[in-house]
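Make a model of the complete structure from these sequences and hints.
Each chain, letter by letter, is given below.
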Amino acid sequence: MNEKLFVIPFVAGMALLFIILIVKGYKWISSLSKIDRLRLINALKSRRILQSAKDIFMECLIHRRIFKKNMVLGYMHMSLAFGWFLLIVVGHLEAFVAEKSLAVPFYLPIFFRFFETGKEFAGSKIFAALMDLLLLFVLSGVVLAWSKRFYKRLFGMRRTTRLQYGDQIAMTALWLIFPLRLLAESATAHQFNNGSFITQTAGSLFFNSNTASTLALPLWAAYSLALGSFFVALPYSRYMHIPTEMLFIIFKNAGIKLKKRTNSFTELAIYSCSRCGICLDNCQLNNAGIKNTQSVYVLKSIRNKNIDDEQLFNCLLCGKCQVDCPVGIDLTSLRITQRIESTLQYNASYAYLENQATTKAGLIYFAGCMTHLTPRIIQSMQHLFELAGEDYWFLDKEKAPCCGRPLMLAGQYDAAAKLIRNNTTQIIASGAKKLVVSCPICYKVFKEDYQLPGVEVLFHAEYILRLMNAGLLKTAPLQKRIIYHDPCELGRGSGMYEIPREVVKNSGQLIRIKNEQEHSLCCGGSLGNLKISQAERNLIRDSAINEYLSYQPEYLVTACPLCKKTFARNRNMVVMDLAELVLEASDEFIKRKKLKGNKVTNIRELETLIQS
Amino acid sequence: MEKEQKHVAVIGAGIAGLHTANLLAQSGHKVTILEKEKYPGGHLNQWHHLFPDHSSPEWIISGLLDEQLQFDHLKMISSTEITSIEKNNGHFAINAGNELRIYADAVVISTGFKLFDARQKEEYGYGLFKNVITSADLEQSLKSGQPLTTASGKTPSRVAFIHCIGSRDAKCGNTYCSKVCCITGVKQALEISEMLPETEIFCFYMDLRLYGSKFDDLYLQAQKKHKIQFIRGRLSEAAETHDKRLQIKAEDTLSGRPLRMEVDMIVLLAGMEKNEAHQMFSSTKLLELDEHGFFKSKNIQLTRNETTQPGIFIAGTCICPMSVNETIENAGAASILVNRYLEHQQLTNHHE
Amino acid sequence: MNEFAHLVSRPSRQIDYQTFDNRLLAYVLRYEPSFLTCMSCGGCTATCSAGKLTDFNIRRIGLMLRRGQTDKLAAEIDKCMFCGKCSLVCPRDVNIRNVVLLIKKESTRLHAENQKV
Ligand SMILES: Cc1cc2nc3c(=O)[nH]c(=O)nc-3n(C[C@H](O)[C@H](O)[C@H](O)COP(=O)(O)OP(=O)(O)OC[C@H]3O[C@@H](n4cnc5c(N)ncnc54)[C@H](O)[C@@H]3O)c2cc1C
Ligand code: SF4
Ligand code: SF4
Ligand code: SF4
Ligand code: SF4
Ligand code: SF4
Chain A
1 MNEKLFVIPF VAGMALLFII LIVKGYKWIS SLSKIDRLRL INALKSRRIL QSAKDIFMEC
61 LIHRRIFKKN MVLGYMHMSL AFGWFLLIVV GHLEAFVAEK SLAVPFYLPI FFRFFETGKE
121 FAGSKIFAAL MDLLLLFVLS GVVLAWSKRF YKRLFGMRRT TRLQYGDQIA MTALWLIFPL
181 RLLAESATAH QFNNGSFITQ TAGSLFFNSN TASTLALPLW AAYSLALGSF FVALPYSRYM
241 HIPTEMLFII FKNAGIKLKK RTNSFTELAI YSCSRCGICL DNCQLNNAGI KNTQSVYVLK
301 SIRNKNIDDE QLFNCLLCGK CQVDCPVGID LTSLRITQRI ESTLQYNASY AYLENQATTK
361 AGLIYFAGCM THLTPRIIQS MQHLFELAGE DYWFLDKEKA PCCGRPLMLA GQYDAAAKLI
421 RNNTTQIIAS GAKKLVVSCP ICYKVFKEDY QLPGVEVLFH AEYILRLMNA GLLKTAPLQK
481 RIIYHDPCEL GRGSGMYEIP REVVKNSGQL IRIKNEQEHS LCCGGSLGNL KISQAERNLI
541 RDSAINEYLS YQPEYLVTAC PLCKKTFARN RNMVVMDLAE LVLEASDEFI KRKKLKGNKV
601 TNIRELETLI QS
Chain B
613 MEKEQKHVAV IGAGIAGLHT ANLLAQSGHK VTILEKEKYP GGHLNQWHHL FPDHSSPEWI
673 ISGLLDEQLQ FDHLKMISST EITSIEKNNG HFAINAGNEL RIYADAVVIS TGFKLFDARQ
733 KEEYGYGLFK NVITSADLEQ SLKSGQPLTT ASGKTPSRVA FIHCIGSRDA KCGNTYCSKV
793 CCITGVKQAL EISEMLPETE IFCFYMDLRL YGSKFDDLYL QAQKKHKIQF IRGRLSEAAE
853 THDKRLQIKA EDTLSGRPLR MEVDMIVLLA GMEKNEAHQM FSSTKLLELD EHGFFKSKNI
913 QLTRNETTQP GIFIAGTCIC PMSVNETIEN AGAASILVNR YLEHQQLTNH HE
Chain C
965 MNEFAHLVSR PSRQIDYQTF DNRLLAYVLR YEPSFLTCMS CGGCTATCSA GKLTDFNIRR
1025 IGLMLRRGQT DKLAAEIDKC MFCGKCSLVC PRDVNIRNVV LLIKKESTRL HAENQKV
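Chains A, B and C supply the protein sequences, listed in that same order. Position 84 (the first sequence) corresponds to 84 in this note's numbering; numbering is contiguous. If you want this note's numbering, it's the 1-based position in the second sequence plus 612. If you want this note's numbering, it's the 1-based position in the third sequence plus 964.
There could be a bad hint or two in this list.
What the hints assert, rightly or not - Taking lysine-lysine pairs in the DSS-like style, the calculated list, with each CA pair at most 30 Å apart, reads:
id	chain 1	residue 1	chain 2	residue 2
1	C	Lys1016	A	Lys397
2	B	Lys726	A	Lys593
3	C	Lys1016	A	Lys360
4	C	Lys1016	A	Lys125
5	B	Lys687	B	Lys742
6	A	Lys291	C	Lys1069
7	A	Lys596	A	Lys474
8	B	Lys886	B	Lys642
9	A	Lys418	C	Lys1016
10	A	Lys34	A	Lys54
11	A	Lys34	A	Lys291
12	C	Lys1069	A	Lys54
13	A	Lys433	C	Lys1016
14	A	Lys27	A	Lys45
15	A	Lys505	A	Lys447
16	B	Lys742	C	Lys1069
17	B	Lys856	A	Lys399
18	B	Lys755	B	Lys642
19	B	Lys742	A	Lys474
20	C	Lys1069	A	Lys259
21	B	Lys650	B	Lys766
22	A	Lys4	A	Lys27
23	C	Lys1069	A	Lys305
24	B	Lys742	A	Lys594
Keep in mind the hints are simulated off the structure, nothing from the lab.
As structure tokens, then:
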């Protein structure tokens, strides 16, 4: 019998894997929309392919983003992926040099030591040493992976994801591949002296000449079998994310985005998840004891086609999981897309919206539904408009429909479109040049989903900062320690972090805290979650407040009526909106000036003078 | 056998504390009342007239204080806030913020309640809109003897009373009923109506809880003689109009339709809450609090005035919301339990 | 024909507790138990963004659901804009948006089921 036959499991497994990958890849690419396919072709032809290559290298091999989050976890992923990759590359080089040909059988570099028993060639010693070193590198990753299962804390993660059948096979195979390779190479090294510092040492440690010659072939066969099993199980396991992620990166760099309906790009995103579990740790639902609705579980349920509303809608859509996802999946959009799919059949009839009166004005203020329950914000905004001498129209003072964003968060885009259409008509008809909103939920939708040619959409923080820069609003920083809480829809949702902070800095002492900006906390009140109970919301809120309290702030300033209302229910902190803070700082300015006997210069000052 | 005199410390000189102290002094115990404020009487000092009989709170307070004069073994220390209680060998050390320390054989806590801070309900505009006031503010105003006016000095032509502010509301964390605010609202509505017969008055309620024996008479009177309107619906929010009137939104749930109305003045019937004393005295785990943050009774049926700590008793509204006459009755019950405890102690000490 | 005939209990002057169709109610309560605690205060209706623009009464919808009067419910609920203001004022912390979502979901399902028959 030809002893070379032991390579068959590897060869067969590899072939099967290739076929499956090609079929899947073809399906994904061919089911893209025409325009996305064009995007892809253009990207492949342009320099963007280099970018993709670089991203694939950085993310799939080096795992840069995991490194950023956690060094040990990053090293583990890198040693496995990058180490294995180098083994393959260097292994091929070694084979090419040894055979002095590029046409070597494709299994040869994999089982090189078995076939090349003692031939000297240029640099053979160096290659052997290098290969040993790389094997050591990979093995260190394997050891870490083993211990990760046992000591999760080492990796800064409280929980790892639960395993499935395909996963178990693939994982066991993966864990065995490199130890088996070490043993096989050591046995051969002991026989033929073709190893280097590790395999040679291990060989004389584990084997005598007898055992080495009887065990070598079975060990090589086991190694081949482990490889083969891994390849066969791969498409049915979490490791499918490895090839998928590469394609995902190419798609993403081509400018393909998640759509409002699921398509092959959605599927690609879903399968790109490595189930690393990083998103689990970021999720504040943990504080409420909710343990099965986080992104990684939702992706899994979607893959298994058993997602239900209780899971899908139990998420704050805060986006905290997304910032650290090493694959860079747009997790909130993905969940919203699923919500859209699940609510497609629902109706919404807003026939009552027809024919509402408009008012001509230069500026429109849209407070939004929630803000009507925080009259202090409304009053502050009105003060500011008067101060700036605006000719403004308070669009939703009496009655106006919602902005549409809450419907979108619930997945009902068609319904939202009806509100958007109605509001757009009103805004355009007023002839306004500016639309100012004080609610980030409204801001996001006005900015992203409304088409308002000629109208500038401004968040109140931007508007306020302009007034400050124009000298219309003068403030004196209060002697108060202030934490600024980033509302999810404004920060992660719209990328506005610095403008409100500028405003706070002009009005008091801004304290910097650990969880801010991209990593800021959710207040727990989010409209994105339709399932969470109030008691659970309170737990999320309180854990956020307790974290803030550890900085001993005097004010908690936010820029969202919903955050404000949510935080105010915990009575341990003074909570206020940015607009309120600014007016307090403006009063302070006037007070200080009056002390010095100065004259008044702006409307706000006059007003305060008259009142006092 | 000569009875040795025992010392009881009473914390809080509201009507509950004053009455308990008098009864205990009458039984021959040495009593020390400790009061945070300069003057005794507690919340009653702030009220104009009391439901259900429009009697004067001063009369009640001065009656209780006059009684004190009979006992030279009763002492009152005012301007002294008690911050903690310690237990030592069945005796108690009571510590004040000002370094004072008092020892006693038994303690009665009668530290009362705190009025709910209506600014918590931002949507009602208290502290923001000048014509939104609380029932406590209205008592002050009535007490001043000045005719009731809006912030700009006009006679209000329409006043709305809003029930259940800070009570029965999960949003403020208080899910219980404060009991006295419905009847306070009716009483105040009557008083305004008597003072300003032209003024229209509306009461927005979720349930009318006029539980006392004479309370429904006031309700009847309010409807019959004063044409006060009762609307079943909870206010969702108030907004200020440009002329500083208030626009309110509620649903008239009985007709099933949303209701909007402009009024000149809103009176928020603020509820009763736990206060700092509850927090301070329970922080050492000596005492337990109930689910609403008030002191927990050993047995809510039989021994309402006993805490979970033998020797420490509770009286009045530090247990739960109560009216004046209930507080007085409750204080009486407390004194009986304290007596029983001290007598029992005397006996066991004697036998030892 | 009434499009939501599948939800009709029986047209009558009385609320007939013997025959009422409680499928929708049971579904809503199963997934949103906070709906049990509504005390019909009307706060939600008073603040409702849709209720400001049209004849839409979210409290009454809840009441009708609890009384088994579900015939007009599915059409009525379509007026809601999901703004969440109602939940923000509710003194009993009823998760009203989820109640709306559940009514939509189950009545859509019942409707489809009815179409099949
Ligand atoms: C708006 C309103 C109107 C009302 N109108 C009426 C009415 O018309 N008729 C009626 O029957 N009832 C009325 N009530 C109820 C009435 O006010 C109470 O029944 C009464 O005040 C209860 O008395 P108390 O002694 O238990 O508590 P309190 O009156 O609160 O007295 C407690 C005392 O303890 C003191 N204290 C607190 N903490 C400490 C401490 N740590 N150390 C020392 N001292 C401390 C306080 O200073 C205070 O003096 C009304 C209540 C409200 C809210
Ligand atoms: S979604 Fe991202 S962060 Fe979460 S498990 Fe998947 S890859 Fe990791
Ligand atoms: S969006 Fe927020 S709540 Fe939802 S899974 Fe991610 S971190 Fe958790
Ligand atoms: S007494 Fe009346 S107003 Fe006060 S909490 Fe009870 S029901 Fe509400
Ligand atoms: S606000 Fe809450 S308690 Fe009041 S009617 Fe609406 S759902 Fe019921
Ligand atoms: S969510 Fe619907 S029912 Fe609730 S206030 Fe908004 S429109 Fe009204």
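Going through the hints against the structure:
no.	hint	result
1	C/Lys1016 to A/Lys397	holds (11 Å)
2	B/Lys726 to A/Lys593	violated (39 Å)
3	C/Lys1016 to A/Lys360	holds (22 Å)
4	C/Lys1016 to A/Lys125	violated (84 Å)
5	B/Lys687 to B/Lys742	violated (43 Å)
6	A/Lys291 to C/Lys1069	holds (24 Å)
7	A/Lys596 to A/Lys474	holds (16 Å)
8	B/Lys886 to B/Lys642	holds (29 Å)
9	A/Lys418 to C/Lys1016	holds (17 Å)
10	A/Lys34 to A/Lys54	holds (26 Å)
11	A/Lys34 to A/Lys291	violated (40 Å)
12	C/Lys1069 to A/Lys54	violated (46 Å)
13	A/Lys433 to C/Lys1016	holds (27 Å)
14	A/Lys27 to A/Lys45	holds (21 Å)
15	A/Lys505 to A/Lys447	holds (26 Å)
16	B/Lys742 to C/Lys1069	violated (46 Å)
17	B/Lys856 to A/Lys399	holds (20 Å)
18	B/Lys755 to B/Lys642	violated (36 Å)
19	B/Lys742 to A/Lys474	holds (26 Å)
20	C/Lys1069 to A/Lys259	holds (23 Å)
21	B/Lys650 to B/Lys766	violated (35 Å)
22	A/Lys4 to A/Lys27	violated (36 Å)
23	C/Lys1069 to A/Lys305	holds (18 Å)
24	B/Lys742 to A/Lys594	holds (25 Å)
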